[in-house]
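Undergrad: Top to bottom, those sequences are chains A and B.
Heads up: the first sequence runs through residues 1 to 255, numbered per our numbering.
Heads up: the second sequence runs through residues 256 to 836, numbered per our numbering.
Hints listed in this document are in silico derivations from the structure and should not be mistaken for laboratory results.
Among the clues, some could well be false.
Covered stretches of chain A (chain B as the covering partner; in silico rule of three or more C-beta atoms under 8 Å from a C-beta of chain B) [what the hints assert, rightly or not]:
id, segment
1, 1-8
2, 40-50
3, 74-82
4, 199-207
Listing some non-contacts, in silico: residues in chain A with all C-beta distances to chain B over 12 Å [to be verified]:
id, residue
5, 16
6, 23
7, 26
8, 55
9, 59
10, 102
11, 104
12, 155
13, 164
14, 173
15, 194
16, 241
Ideal placement from N, C-alpha and C gives every residue a C-beta, glycine not left out.
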Amino acid sequence: MLEARTLSKRYASVPAVSNVNFSIQPAHVLGYLGPNGSGKSTTVKMLAGLLEPSEGCVLFQGQDIRNDLAGYKRRLGYVPEEANLYPYLSGREYLELVGGLRGLETSWLQKRIDEFLRLFSLYPSRHVAIATYSKGMRQRILITAALLHNPDVLIFDEPLSGLDVTSALIFRHLVQELKQAGKAIFYCSHVLEVVEKVCSHVLVLRKGAVIAYGSLQDVAGMQSMQTLEQTFSRLVEENDAEDVARKLAELTLTQ
Amino acid sequence: MTRSFGESVRRRWSRTVTKRPFLRLVQHFFERMASSGGNSDVDFGMAGALALLAVPGAFTAIYLSGKYSSLLQWLRGNPLFDPYRVCVPDEYFFIVYSMAITGLVTLVRWDRLLPGRQDFANLAPLPLKLRDIFLANATALGGIAIIFAIDVNLISSILFPLLVTLKEGTFGAFARFAPAHAIAVLGISLFTFLALLALQSLLKSLLPDSAYRRVSLVVRTILLVFFVSLLISAFVVPLSIFNFKMKPGGAGDWWPPLWFLSLFESRLAPLRARVTIAPQFAVWAVAGALAVAIFGFTLSYRRYFLRIAERREGPGNPAPRRVFRLQSSGRISRLWVRPGPESACYGFIVKTLIRNDTQLLLFGIWAGLGLLLAAEGFLPGANGTRGLPHDVVLSAPLMLAFFVLTGMRFTFDLPASVDANWLFRLAANDRPDWLPSVCRKAMLAFILTWFFVIWFPFAVLALDWTNASIAALIDVLLFVVAVDALLFGFRKIPFTCSFAADRDRLLRLVAGSMIALVFLIPALVGIEVSILTKFWRLAILVPVLLIAIAALRRKRTEPGDATVFDDKGIEPFALLHLSGD
Numbered sequence: 001m002l003e004a005r006t007l008s009k010r011y012a013s014v015p016a017v018s019n020v021n022f023s024i025q026p027a028h029v030l031g032y033l034g035p036n037g038s039g040k041s042t043t044v045k046m047l048a049g050l051l052e053p054s055e056g057c058v059l060f061q062g063q064d065i066r067n068d069l070a071g072y073k074r075r076l077g078y079v080p081e082e083a084n085l086y087p088y089l090s091g092r093e094y095l096e097l098v099g100g101l102r103g104l105e106t107s108w109l110q111k112r113i114d115e116f117l118r119l120f121s122l123y124p125s126r127h128v129a130i131a132t133y134s135k136g137m138r139q140r141i142l143i144t145a146a147l148l149h150n151p152d153v154l155i156f157d158e159p160l161s162g163l164d165v166t167s168a169l170i171f172r173h174l175v176q177e178l179k180q181a182g183k184a185i186f187y188c189s190h191v192l193e194v195v196e197k198v199c200s201h202v203l204v205l206r207k208g209a210v211i212a213y214g215s216l217q218d219v220a221g222m223q224s225m226q227t228l229e230q231t232f233s234r235l236v237e238e239n240d241a242e243d244v245a246r247k248l249a250e251l252t253l254t255q
Numbered sequence: 256m257t258r259s260f261g262e263s264v265r266r267r268w269s270r271t272v273t274k275r276p277f278l279r280l281v282q283h284f285f286e287r288m289a290s291s292g293g294n295s296d297v298d299f300g301m302a303g304a305l306a307l308l309a310v311p312g313a314f315t316a317i318y319l320s321g322k323y324s325s326l327l328q329w330l331r332g333n334p335l336f337d338p339y340r341v342c343v344p345d346e347y348f349f350i351v352y353s354m355a356i357t358g359l360v361t362l363v364r365w366d367r368l369l370p371g372r373q374d375f376a377n378l379a380p381l382p383l384k385l386r387d388i389f390l391a392n393a394t395a396l397g398g399i400a401i402i403f404a405i406d407v408n409l410i411s412s413i414l415f416p417l418l419v420t421l422k423e424g425t426f427g428a429f430a431r432f433a434p435a436h437a438i439a440v441l442g443i444s445l446f447t448f449l450a451l452l453a454l455q456s457l458l459k460s461l462l463p464d465s466a467y468r469r470v471s472l473v474v475r476t477i478l479l480v481f482f483v484s485l486l487i488s489a490f491v492v493p494l495s496i497f498n499f500k501m502k503p504g505g506a507g508d509w510w511p512p513l514w515f516l517s518l519f520e521s522r523l524a525p526l527r528a529r530v531t532i533a534p535q536f537a538v539w540a541v542a543g544a545l546a547v548a549i550f551g552f553t554l555s556y557r558r559y560f561l562r563i564a565e566r567r568e569g570p571g572n573p574a575p576r577r578v579f580r581l582q583s584s585g586r587i588s589r590l591w592v593r594p595g596p597e598s599a600c601y602g603f604i605v606k607t608l609i610r611n612d613t614q615l616l617l618f619g620i621w622a623g624l625g626l627l628l629a630a631e632g633f634l635p636g637a638n639g640t641r642g643l644p645h646d647v648v649l650s651a652p653l654m655l656a657f658f659v660l661t662g663m664r665f666t667f668d669l670p671a672s673v674d675a676n677w678l679f680r681l682a683a684n685d686r687p688d689w690l691p692s693v694c695r696k697a698m699l700a701f702i703l704t705w706f707f708v709i710w711f712p713f714a715v716l717a718l719d720w721t722n723a724s725i726a727a728l729i730d731v732l733l734f735v736v737a738v739d740a741l742l743f744g745f746r747k748i749p750f751t752c753s754f755a756a757d758r759d760r761l762l763r764l765v766a767g768s769m770i771a772l773v774f775l776i777p778a779l780v781g782i783e784v785s786i787l788t789k790f791w792r793l794a795i796l797v798p799v800l801l802i803a804i805a806a807l808r809r810k811r812t813e814p815g816d817a818t819v820f821d822d823k824g825i826e827p828f829a830l831l832h833l834s835g836d
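Given these sequences and hints, build the entire structure.
TA: Quick look at the structure:
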């Protein structure tokens with residue numbers, strides 16, 4: 001359904017992402033992993049149609065998304081990394097704006113927004129300005145905005161950021177439900193435990209290049225490791241985490 | 256009936272908007288520009304703001320009714336009163352007022368004129384063309400500019416022409432005068448808005464992000480000072496414009512209000528025009544501003560908006576910020592402040608004041624006004640017949656210091672980021688003994704540097720060594736008294752306490768500033784002049800100032816006063832303790 005083909009991006013002459021290939025089928029969740037600066041956000045922006053690739057392309061149902069970007073975005077739900085919302089709008093107003101700009105029918109939209117707000121425990125704060133929302137509340141608004149129009153493809157960039165335990169749990173189950181409903185989901189995160197639980201496939205990125213890609217079992221077992229965390233550490237960490245932690249503790253304890 | 260009509264209009268609009276997301280987008284940009292941003296305690300809403308802005312023009316027109324009343328003129332023994340001759344300074348006032356208000360409101364909304372990162376983050380993932388987002392913003396801007404220009408000038412555009420043409424008493428006279436007035440005031444309003452839009456869009460498209468932030472702040476501060484001064488001058492200058500002899504090729508050619516005054520006169524009575532600047536200037540100015548604004552707007556779309564996602568300075572990928580830092584300033588400040596918490600807090604105060612946008616903007620406007628007033632005395636012919644350079648030389652540092660100190664004291668109350676004050680809550684004791692001295696030293700540092708580096712050498716040249724040294728001694732003592740007085744009862748670490756805006760505080764600030772400007776500074780200059788003529792008077796003044804400093808410092812804080820981190824403002828109610836418990 002969604003495919004990245006030889007996707008590359010350079011800023012000036014510095015490569016951020018090089019020759020990335022993957023595909024996400026319906027009812028699949030691709031976990032996208034990598035340390036800071038590995039090119040995850042750049043890939044997400046290219047997949048969401050916000051950034052033009054330097055080389056390669058993103059295909060949706062076999063067609064380059066650039067051929068009909070607006071049509072692609074109509075079927076896309078996107079939760080960005082930063083909840084950069086309009087602070088002067090209330091949660092409800094923000095969702096009305098998003099739904100309105102997506103051309104959703106007003107009365108249907110109103111009902112849907114109310115139901116989402118109730119399920120996400122935001123209904124009591126629906127008329128309060130977003131400026132006063134906590135980080136978790138803003139994140140729930142973003143997730144709602146991505147789901148309002150029942151998209152076929154979902155791109156989540158650190159979706160659990162700021163969510164409390166209950167909301168995070170709800171979200172995890174929600175991803176499973178959406179997967180079963182046949183949605184193609186791209187899930188970018190640092191939280192390996194969650195990726196391990198919700199994703200069917202995993203891609204690991206390092207310095208802009210793919211170093212591991214396959215089903216969760218394949219990648220987890222790549223280095224003869226038992227967990228994804230151990231495999232990830234072996235694949236991408238340049239420094240021994242335990243060694244760095246020991247040095248930091250020594251520095252802290254120095255008078 | 257009204258409710259059902261309103262409801263049906265809303266429903267119809269909602270249906271239209273659903274079918275046309277572009278209209279919804281225009282509505283969104285309109286609301287975005289009209290709102291306070293959700294971070295302000297003061298938000299009148301669009302209708303309230305429009306009503307507020309319409310009031311001064313309306314009041315001025317009503318205030319002028321006495322001037323144009325034929326009966327009153329007859330009673331004053333002026334039966335040959337010619338309203339067309341008298342109305343020129345008043346027309347100039349309305350033009351300048353329209354320009355100043357448009358400029359100020361545009362600058363208040365400066366950061367929201369063009370779509371930015373927030374718009375890109377929220378709107379770009381939606382099924383909209385980026386070009387449509389930009390065009391919707393342009394449409395909303397155009398709509399707001401027109402509504403705003405009409406709002407500011409509407410009532411005066413009816414009342415003022417009515418007053419002026421009252422003597423003739425014909426509709427024809429009104430119909431001739433009203434369009435001339437409306438074209439002039441609406442024209443300058445549009446010109447100002449378009450010129451500022453052009454400036455901002457050019458800055459945004461030509462400068463890199465990091466440079467844009469700094470340059471934009473400086474430009475905005477300078478323009479705010481200019482428009483505030485213009486607004487103040489609008490009430491004074493019209494009286495003198497009567498005496499102007501306008502010549503083509505003079506300085507007036509560069510003064511936009513005169514272009515539009517000329518346009519007004521040309522439409523009204525070209526044969527007896529007082530302003531001889533070509534009226535076409537105004538038309539060319541609007542057309543030029545429109546052309547540059549369209550060019551800048553398009554350029555900023557291509558060079559800024561389309562590249563937002565690529566900009567490495569984005570929130571997730573911040574560019575290293577180049578920090579202005581003088582190596583020697585650190586060494587000097589080590590001599591000036593004690594190491595430890597005092598030094599840390601001193602650095603925090605200075606850096607926040609010169610780097611944080613809100614503080615820098617407000618402080619810049621206030622200090623800029625001070626600089627303007629201090630420099631005003633140096634303008635050729637400003638001293639009139641007295642022509643005493645001593646007065647000017649002596650009053651300039653007092654005037655500037657007054658604005659710098661009050662500006663700093665005011666910004667000390669405004670939080671840089673309340674969320675970050677936990678650091679000080681953890682580090683500061685209940686009543687840190689270094690707090691008064693660090694605030695005092697920071698305020699004095701902002702005064703004494705320019706005072707000794709710029710003013711003192713100048714004073715030595717203008718006066719002489721002895722007089723300059725005595726004046727410097729008096730000024731420094733006055734600065735210390737002023738700093739101690741301003742910090743009296745101040746129990747906060749600057750920029751770390753929440754701010755509760757209250758009417759009393761604002762009134763105190765305005766009243767104090769007016770009193771100081773009108774009475775205190777001239778009185779102090781008078782005292783300095785009298786001491787420079789008879790040196791022995793210094794023996795009286797110095798002990799008085801030293802006693803004042805000592806008294807202020809002893810009484811500054813009461814025992815048990817704790818550092819304040821949450822400003823409660825004025826309590827809405829208070830317990831009276833009538834039982835005597």
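Undergrad: Confirm or reject each hint.
TA: To see whether the hints hold, each was checked on the structure:
1. 1-8: violated (count 0)
2. 40-50: holds (count 5)
3. 74-82: Held - the segment 74-82 of chain A has 6 residues with a Cβ nearer than 8 Å to chain B, which meets the minimum of three.
4. 199-207: Result for this restraint: violated, n = 0.
5. 16: violated (9 Å)
6. 23: Given a closest Cβ separation of 21 Å, the condition holds.
7. 26: holds (21 Å)
8. 55: Its Cβ never comes within 12 Å of chain B, the nearest being 15 Å, so this holds.
9. 59: Check passes; 18 Å lies beyond 12 Å.
10. 102: Since the minimum Cβ distance to chain B is about 6 Å, residue 102(A) lies within 12 Å and the statement is violated.
11. 104: Since the minimum Cβ distance to chain B is about 7 Å, residue 104(A) lies within 12 Å and the statement is violated.
12. 155: The assertion about residue 155(A) is violated, with a minimum of 9 Å to chain B.
13. 164: holds (19 Å)
14. 173: Holds, since 24 Å exceeds 12 Å.
15. 194: Holds: least Cβ distance 20 Å, greater than 12 Å.
16. 241: holds (23 Å)
Violation of the numbered hints given earlier is confined to hints 1, 4, 5, 10, 11 and 12; the remaining hints are satisfied by the structure.
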